[in-house]
Every structure is written in structure tokens, then in C-alpha cells.
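Trainee: If you read the sequences in order, they're chains Y and F. Those letters in the first sequence? Residues 558 to 675, per the working numbering, in order. Those letters in the second sequence? Residues 521 to 660, per the working numbering, in order.
Source of the hints: derived by calculation from the structure; they are not laboratory data. The beta carbon of each residue, even a glycine, is placed where N, CA and C say it ideally should be. It is possible that part of the hints are untrue.
[Said to hold, decoys possible] Computed list of chain F residues with no C-beta within reach of chain Y, every gap over 10 Å:
#1 Arg548
#2 Thr555
#3 Glu566
#4 Gly592
#5 Asp641
#6 Arg650
[Said to hold, decoys possible] Examples of chain F residues lying across from chain Y (beta carbon under 7 Å, computed):
#7 Ala530
#8 Pro533
#9 Ser631
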Amino acid sequence: MTGGVAKAVEIEIWQAAGGTVIRLAGDVDMASSPVLRQAILDLLRDRSGTTIVVNMGGVEYIDSSGVASLVEGLQQARRSRGKLRLACLNDGPRDVLELTRLLDLFEVHATEAGALES
Amino acid sequence: MAAEVDVRIASDPRWLRLARIVVEGCCREFEFGDTESRAMVSALDEALSNVIRHAYRGDTTRPIRIACRLDGDVFEVEVSDQGHEFDPVAHPLQPPDELRSGGRGIFLIRSSVDECDYARDGEWNRLRLRKRLPRHAAKR
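All chains should be modelled from the sequences, with the hints used to inform the complete structure.
Mentor: Dropping the structure here:
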């Protein structure tokens, strides 16, 4: 089942001039975070200096496993001399990142364009 | 005290969102603000994920009961399961760290509610999450 109450997170990936954008829509929880993790790691695999912008404008909820996926992606990006930035954070995900004291770890931008340009 | 809302789900991550919707609805009914509602929902979701991951060790067919009730000016959510004994309250509360992948869920649970306690009751694990109502709602 992919729709209704248990809908999966939707991931759209596109290449922009300043980097690769992952647009997320839906809740990132134990059921869906492995998909996000794999998408980020696939983009970083065998590439160096890649910039990834995770647009979270469509995400109202993220759990600790989703946060772990973002942190793992950030660490992998650093190892390959790349960047992983967050854009368009809603209040829910921002609360979770603040509470887990990880918000300052990320470059967070108000807009996707701003994250690509910086 | 009887539960005012009592939901049973299978231990399948596909039902986590449904559980979040139910508890968020209770928070709205009890006039929690957005921040407090999100905190309670986050604590519930992390508790359920722990049940699936640790108590049931990934078995997606086992029962989980979510009982919501108002106790005076406190909203209580009790999560019960019949899995292996797992007490998230017993773990030392370590601040999350970039390099430590585990423990964030337990930290979120304990940081998001006013009180949480665990008991093993026969074959059941019971975790109670308690959050005080906002003052304006509690006076009603």
C-alpha cells in the first residue's frame, strides 16, 4: 500500500546548476527513512564535491531515524568533500533537530534557490 | 481509569502514521498548542518505533495497544506490547551527538513529555507518556 494513512514519503530528485536537489513530501519515519537514506547515499556514491540540497518543504514530521539518515548523509558528503544542505524546514522537523541538538550541524536555508546559490 | 481513546495496531511501521494522527487529534481536543502537540506525537512515535525494533525485534504481526486518557490536568498515552522486556526509561539519558547514531529516539521521548514511566505487567510492557495540559485548557 502506498496511499492513504500509511502513505510513503515521496522523493523527487533533479539536477540544478548549483547541485542536486532532493525534494521530499510526506512523513519521514521508521517506515520511510530507509528510502531517504538510500537516495542520499546513492547520490553521493563515487562522486566527490557534490552539493545536495534536501528540500523539506513537504515534510511535516520527521523521527529520529530520519534525522539519522540526514546526519549520515552529511557525514558522507563531508568525507567526499561535498555538501549537504537543508532547505524549507517546517516547524515540526525544526523542533526535532533543535531538540536533538543537531540543527546547528546543518546549513539550513529558507529557500531551495538560496541553498543552491550559497 | 478507562481510556477515552483506545487503539490497537499491528507492530507494522505502516501504521505509525495512523497512530500519530489519533494522538494528534487527542492533543487538539485537549487544546494543546502546536509545539506541545508535536512533542507528544514525537514521543509516541519514537515509543512505537522502539516497540517494533526492540520489543518485537522487527516482527510486524504483533499487537500494540495505544490508550489515551485525561487524568486531571494531565494527558496520558499508554503504549502496551507483549514483546521482549524493553525499558527505555532505564537507559542513561545521554545528550544526542552527531557521531552516536543510537539513543536519539529515547532522548526525544524523555525530552518531549513531562513524565514517562515503564512497567512490566505480566506479559505486557507498559510505557506511560504524560504531558500536562496548557493552563487555559486545564482550568475548564
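Trainee: Give me the numbers of the hints this structure contradicts, sorted from smallest to largest.
Mentor: Of the numbered hints, 2, 3 and 7 do not hold.
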